[in-house]
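Given chain A, put chain B in place with the hints provided.
2 protein chains.
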Amino acid sequence: MDKVPDPSERKDPQAEQQAKVKTSLDKIRHKFIVMSGKGGVGKTSTSVNLSIALANQGCKVGIMDVDLHGPDVPRMLGLQGLLDISPNQKLAPAAYSENLKAVSIESLTPGKDDAIIWRGPIKFSAIQQFIGDVDWGELDFLIIDSPPGTGDEPLTVAQTIADARAIIVTTPQEVALADVRKSISFCKTVNMEIFGIVENMSGFPCPHCGETVELFGSGGGEKTAQTYGLNFLGRIPFDPNVVLCGDNGTCFRDAHTQSPVTRAFDQIAAKMAKLV
Amino acid sequence: MDKVPDPSERKDPQAEQQAKVKTSLDKIRHKFIVMSGKGGVGKTSTSVNLSIALANQGCKVGIMDVDLHGPDVPRMLGLQGLLDISPNQKLAPAAYSENLKAVSIESLTPGKDDAIIWRGPIKFSAIQQFIGDVDWGELDFLIIDSPPGTGDEPLTVAQTIADARAIIVTTPQEVALADVRKSISFCKTVNMEIFGIVENMSGFPCPHCGETVELFGSGGGEKTAQTYGLNFLGRIPFDPNVVLCGDNGTCFRDAHTQSPVTRAFDQIAAKMAKLV
Numbered sequence: 001m002d003k004v005p006d007p008s009e010r011k012d013p014q015a016e017q018q019a020k021v022k023t024s025l026d027k028i029r030h031k032f033i034v035m036s037g038k039g040g041v042g043k044t045s046t047s048v049n050l051s052i053a054l055a056n057q058g059c060k061v062g063i064m065d066v067d068l069h070g071p072d073v074p075r076m077l078g079l080q081g082l083l084d085i086s087p088n089q090k091l092a093p094a095a096y097s098e099n100l101k102a103v104s105i106e107s108l109t110p111g112k113d114d115a116i117i118w119r120g121p122i123k124f125s126a127i128q129q130f131i132g133d134v135d136w137g138e139l140d141f142l143i144i145d146s147p148p149g150t151g152d153e154p155l156t157v158a159q160t161i162a163d164a165r166a167i168i169v170t171t172p173q174e175v176a177l178a179d180v181r182k183s184i185s186f187c188k189t190v191n192m193e194i195f196g197i198v199e200n201m202s203g204f205p206c207p208h209c210g211e212t213v214e215l216f217g218s219g220g221g222e223k224t225a226q227t228y229g230l231n232f233l234g235r236i237p238f239d240p241n242v243v244l245c246g247d248n249g250t251c252f253r254d255a256h257t258q259s260p261v262t263r264a265f266d267q268i269a270a271k272m273a274k275l276v
Numbered sequence: 001m002d003k004v005p006d007p008s009e010r011k012d013p014q015a016e017q018q019a020k021v022k023t024s025l026d027k028i029r030h031k032f033i034v035m036s037g038k039g040g041v042g043k044t045s046t047s048v049n050l051s052i053a054l055a056n057q058g059c060k061v062g063i064m065d066v067d068l069h070g071p072d073v074p075r076m077l078g079l080q081g082l083l084d085i086s087p088n089q090k091l092a093p094a095a096y097s098e099n100l101k102a103v104s105i106e107s108l109t110p111g112k113d114d115a116i117i118w119r120g121p122i123k124f125s126a127i128q129q130f131i132g133d134v135d136w137g138e139l140d141f142l143i144i145d146s147p148p149g150t151g152d153e154p155l156t157v158a159q160t161i162a163d164a165r166a167i168i169v170t171t172p173q174e175v176a177l178a179d180v181r182k183s184i185s186f187c188k189t190v191n192m193e194i195f196g197i198v199e200n201m202s203g204f205p206c207p208h209c210g211e212t213v214e215l216f217g218s219g220g221g222e223k224t225a226q227t228y229g230l231n232f233l234g235r236i237p238f239d240p241n242v243v244l245c246g247d248n249g250t251c252f253r254d255a256h257t258q259s260p261v262t263r264a265f266d267q268i269a270a271k272m273a274k275l276v
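Just so you know, the sequences run in chain order A and B.
Counted from 1, the first sequence has number 251 at position 251 by the numbering used here; the numbering is strictly sequential.
Counted from 1, the second sequence has number 131 at position 131 by the numbering used here; the numbering is strictly sequential.
The hints are simulated quantities; they were obtained by calculation from the structure and are not laboratory data.
Hints should not be assumed to be uniformly reliable.
Said to hold, decoys possible - Computed footprint of chain A on chain B, listed as stretches where at least three residues anywhere in the stretch have a Cβ under 8 angstroms from a Cβ of chain A:
1) 37–50
2) 62–76
3) 113–121
4) 135–145
5) 180–190
6) 208–218
7) 242–248
Cβ atoms here follow ideal geometry from the backbone N, Cα and C, with glycine treated the same way.
This is chain A alone, in the form it adopts within the complex (with noise of 0.2 angstroms):
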């Protein structure tokens, strides 16, 4: 005769998931989203730049894309193929370097140019498993990549990992500020800490003549951090090469060690190393 199953040992796959993840999360020392009211003001060359920076520093760092419908970490930090699976059955995630690994959902999808359709709910447990069913091992860092807005992505990480900081990006013209205002209210709401605010594309050097050039205005940033009595990060000048290194997945850092650029997001990674 069967065994009959003990009710007791019947598993509820919500409370294991979530099991799965506290077991991820105890591992990692410091989380932060990096977040922004506005597409495109550089969350994910923020998030690539700072966590390269930060690995540079000997820290041991994670990156987690949960821009779902726009994925470019993989493609920024040149990793192509799929994840693996470790030994302990779980995903392992890209290697960059020693200190630097990275998943996202372009891993995970053999046709590149293929849209993730999804709605809000299926988005949640896509991330629990980002976190949950990676093998992430000991990090002192997680960089979070999140898309813009405060929809289903960021409210999934603030409602999942309870001591995610936030650091908020923004390009200094008004259009961009007011929707970081959007930003810092929603990190109020679901009681997120503000770590502080990167001005990014603040002012760029005409390669030509040499001139600066406020292509989004100039200072937004840094007002806007006074305002709230946040931290102001740094910021960060546009530099054309960025986009180059981005696209061709070659580390903006290593090729242009001197460049202001590579400077700021330097300072900022020492800010938060000092955490470790």
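Frame of chain A; chain B shown alone:
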């Protein structure tokens, strides 16, 4: 004795909403959704400038802003205040000019800096209300400004407006183009016709020395259009004045009538106006 309601008279709220949506859409000749894979490529400035160009050519135009987390249309049009109720108990869109009106979540929320923290299903019904509960009246064009990516908002538009056509906006860099290919895949999946691709921020003449700088590379949008056999609608140069005007809510084309940006939008609008 109270009259017992006839069950056939009971209203199905969902069917009622669908009917209202149909009534609104039946009065609108051409529906365009302005999409992008990546954020910050200039979807909203494209929506706004195309709409103004069409309105100037004598068309009746409505802009529906379905970017619920980053609703920038009212700011860029200089529209303030909340929407009124029209005589027929629907929402009256905000009027930019006699020929151009707009609806945005920004014109429905008193706290401009409050984040809209909605998961997918609420977005679906909000967008349906933007169509069915708004007194759009007779329109030649409805221009729908959507958030980046292929999530709930464009999906809701595709499922609600069967004859909507897509205008895909991109910048020339590869990271943006990778996401454009996802937008193309999305349109194919949901059977939405692609009207064409716009390449924005394509080259920038330095205001100091006049030399052209390729901020985000060049030509990638046109190449992608060719590859997929799609209509290339035009190339719009970067101009910091677009940013400034968007921030101030002043009309770029009125202030810069001879700008290459104005001419580029006029040409695209002329292609669209031919449909009428």
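These are the hints, each one checked on the structure:
no.	hint	in the structure
1	37–50	holds (count 6)
2	62–76	holds (count 7)
3	113–121	holds (count 9)
4	135–145	violated (count 0)
5	180–190	holds (count 8)
6	208–218	holds (count 8)
7	242–248	holds (count 5)
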